[in-house]
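Trainee: Start from chain A and add chain B according to the hints.
Protein chains in written order, with my numbering: chain A, 1 to 304; chain B, 1 to 460.
Do not take every clue at face value.
Said to hold, decoys possible - Pairs of lysine-lysine, DSS-like flavour, derived with a Cα cap of 25 Å:
{"hint": "1", "chain 1": "B", "residue 1": "K381", "chain 2": "A", "residue 2": "K151"}
{"hint": "2", "chain 1": "B", "residue 1": "K299", "chain 2": "B", "residue 2": "K53"}
{"hint": "3", "chain 1": "B", "residue 1": "K193", "chain 2": "A", "residue 2": "K151"}
Unchecked claim - Counterexamples of contact, computed for chain A against chain B with all Cβ distances above 12 Å:
{"hint": "4", "residue": "F105"}
{"hint": "5", "residue": "L121"}
{"hint": "6", "residue": "P126"}
{"hint": "7", "residue": "L188"}
{"hint": "8", "residue": "L283"}
Quick caveat, the hints were computed from the structure, so don't treat them as lab data.
The beta-carbon is built from N, C-alpha and C at its ideal position, and this holds for glycine as well.
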Amino acid sequence: MDTASVVAVGRPAIRRRALARYLHGNLKGGEYTWAVAFLVPYVAVFLTFVVYPIVYGVWMGSEASLYRELFADPIYQSSVVNTVLYLALGVNVKMFLALLLSGFFMRRGRWMKVLLLIFILPWAVPQISTFISIHWMLNGEWGFLNNVLYKLFHIEGPHWLNDRWSALGSVIVSHIWKWTPFWTLILLAGRMAIPLEISDTAKVDGATGVRGFVHITFPLLANLYLICTLLSTIFLLGDFNTVYFVSGGGPANSTHVLGTLGIRNAFDMAQPRLGVAAVMSALPLVIPLVIVLMRKLRTAEVQL
Amino acid sequence: MAHLTRRSMLRGSLALAAAKTVAFPHVAKAAATTASVWFPQGFVQDEDIALRKAVADYEKQSGNKIELSITPFAPERQKIVAALTSGVVPDVMASNPTEILQIYAWQDRWVEVADVVETQRAQLSETALVSAEAYNNVTKKRATYGVPIRASIVPCHIWKSLVEKAGMKIEDIPKTWDAYFDFFKKVQDNLRKQGERKVYGLGFQVTANGVDPYQLFMPFLVAYGGKDIVTKDGKLHLDDPKVKQAAIKAVAYLGGAYRDGYVPPSAINWNDADDNNAFHAKLMVMDVDGTLSTEVAIKEKHPEWYFNEIVTHGIPGYPNDNAGKPVPAFVYITTGLIPKGAKNVTVGKEFLKYFIQPKVLGEFIELGLGRWLPVMPALAKSPFWQNPKDPHLKGYATQGLVGPTLPDHYVYNLAMAEVRNQHVWSTAMIDVAKDGAKPDAAVDKAFKRIEEIFAKYKMA
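So that you can see chain B by itself, here it is in the shape it has in the complex:
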């Protein structure tokens, strides 16, 4: 012990440090060609397999290495927020949830990726291009921060077998908004007459958890004429009587269906996966839920359900509004994002450029069983989407890529993302559904909250 001195310890430490750099040179080399990519886990395993294949193909072609991290949906969101808060970020991450693009663009936390998007601009849908943009409150400008990867709409999933059990036919489903949803109330009434104690007509997520209730409410708001609640310039229009009437009607219909016993009582406390599980358990005849996860989740285990017993919409796309005009579908775009502070922006961009090539993207979506939609309308023409034997895919693709669509309002104003995450509409629906509030009073309360939220986000 007497031989050890402070100087000898320092010398030893320096020697060790020097030896490490000589012994492990690949660490420094790897940093130049390695990018870390975060992606949420798929609802079905095929989605993850498709992603791994795309990544492996890129690695083979480029010689670069991708450190892929696949995390379940909800924890991945937490991981993203934690990473952006701490500053320890990956090179590429998928926007989970989709509005994370707008939330952090406001704080100038993303690298601009217009150059990546430019490589496929002609192929991408207009909605995808708009959804990839966001307002930056530091530069006071809108810019492209996301690379569109995949899309989803919010279809209606229906148990054909339950409709038929009630003595009705899918072909009888009306094609206008209120009549369409009222049809399932009649199905429930008929089933109850047959002694079915626990089957409900409508799987409305009248809850304040997850993304489902917002995605349920918004098509109703648009169908009743409230599309312009936020316009493309990001301005809020709560003073528009059309918007207010639409909000009242939407709250009244959704909350009223629950209050009148046409929605499973537990729906008031559902999480995003609960409605899928309840639908598979035949607790309700129909469910309005984003993506084709409901269908693809059971395709392998219950092919007879997928091909014979469940139908998507039952009619081509959404029903028309009560005046007979088409109702556009909201399209939610998952984008690839490169956070500021990423160590390897070059490889990150290169990977995204590779990933959004139509061939790669098309294969990625199709290998994932078509739960998600491609962001390129041309890809909907592939035999996979046009397969006449598949009862779900063609209609899903037509509605999301060919029919009238629109991006969510938070694309134009970030405040709407907070409206979504604070579950302002959910609270209004629940006020009517459970607490017996009048729809106009519930909407007044919601509008007050929305105004408060919008006041926080002033755009130049």
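Bound-form chain A, shown alone:
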């Protein structure tokens, strides 16, 4: 046997040893078994509650005919428009307000803390009861809002939930009202993390008020603001409660978004695959958002 043959014969054994070393790390004997035993529950949970639902969902919505049926449905078409409007207005108006309000709540004083406590109440109360209350308040005949209008000004208020645009507007306003406090708190925390020496130095250089905000605060908050906006967009894409409990998707199915349409198709029409397809049709938007979000979270530059 020449030297080359000896090496060839020994190579698989070397490979096996290298693989075992790679898998075992520095663990030996029983230690390795324990490591595996501890790992198994986590892997099982991950497979059961993350991988399986995703694969099952993709499988359920995998038939091309479902999408043909979906795209031909006029309710789906209006739902896509509603979803885009809901995202564009709901996320951006809310985040912009949160940005402004976080600056307001940076003021000092005990009364500011009390005001902040009151301000976060809409976020703290359970959302379903809140949205049902809003639905009732907006009722055209006996709702609180129109009764107040009539008692105070003898005005017959509009039927807020009877028209597509006013109903969708009500949904968007309800969402903004409910979630602005949460994002305000996040941005407030971001502002508080800006080192004092930076803002003090900026003040010495004359960057106060709007100039300070434009040149110092906002650039430092920009990454956080963007991440919050992306997260909020992803959350809102799957939102069900606001639309379902405020407008119910009505009138005449005109205010559905993809989340509520999916539930309608799956359960009201007993076509679960069509329901999954409605939600899956948002994936072309969700996947790029998640990729951008991941990239932003990995940003190594000095950002808040």
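Mentor: Then chain B, alone, in the frame of chain A:
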């Protein structure tokens, strides 16, 4: 740690598994005699109490165990769809909504229960028997997949007190279709003259939510001559001029009443419970709504309303059509279903056989205050239904069990269930009510959609 080896771990696991089977033998035993049953929650608590009693009586008599799950109406429907999608099913479930029988029979998802129905066939109404059948697209045959449990029709609920406040009498209500409903427009006009700002004559569910709008539309379609839109052979007849005229008239009347201000504006976005709540709040003089839920919901809290202020129909049953002929009532049958994949079909069938005995079924319905009707005409003769002191029950039972009835069209063709769930008729009504569309144009649009839906369900 050094003592633990892969072999010792495997040995330990096997020992634990073996010990479990010895320590808990009843688990295996229970599977043989236990059946899971799903039922929707009642509108009043008495319905659930009645169900629990029937189940407890069965358990006592048979020695079997029933795991009963009572879930609110809408979530139960979701639970059923989710179960049938995932394959993790109970042994028995009530059809909620009723057309779930036809929807999943098409996919061959039910166990045949003709043997269960056979035990009471002579007792059951013809409509109940037909409604328990469905077309199976795998076997290409119709078969009995449901066991009729209870029935409902869609009565008219009227505030007698509001009619009288308007200076009119219940006895003055006309007995032909259009005149009957026009009467309540006059009631509204009179009430408005008295300064009542927010009372409407008609509680029509001109909405695209829930089951109510379809169940409102269909009696109107039949009253105007459109009964044969789908015939018993499952064929669609949109080309029949009588059907088209009936659809146009129904859309025009229902949409027009809303457009003209005789229906609460919020009706356009009502859910199934909203009309009940609006009626109880006296927002409208009358409501057309399935079952006696409107009445029984307030019986305990407001007995004076139940006995003195609210009447069902105001006349014996539906008004006649405009030509003076009786209008049959649609009867919706709740059935007991056994899904394929159920673990204990034997106990499931045994439970259903017990449950549909006239004595058991009669007591179940009556303990539930009579919101639902029995599926056996003989049961309507009981003192409960014939009680002369009750202003609602006798008329309700007579209309649903003695008078002319018919099953819904989806019993003959599943496509009609999709027409119902896609709210095709609602869209037509709303087109007229809110968007000012001409009734014939709204009906043309609806017919086009119905044809598309029927094209998906081709029966052998």
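Trainee: Determine for every hint whether it applies to the structure shown.
Mentor: Hint check results:
no.	hint	in the structure
1	B/K381 / A/K151	violated, 53 Å
2	B/K299 / B/K53	holds, 21 Å
3	B/K193 / A/K151	holds, 21 Å
4	F105	holds, 37 Å
5	L121	holds, 28 Å
6	P126	holds, 17 Å
7	L188	holds, 38 Å
8	L283	holds, 20 Å
Checked against the numbered hints above, the structure violates only hint 1.
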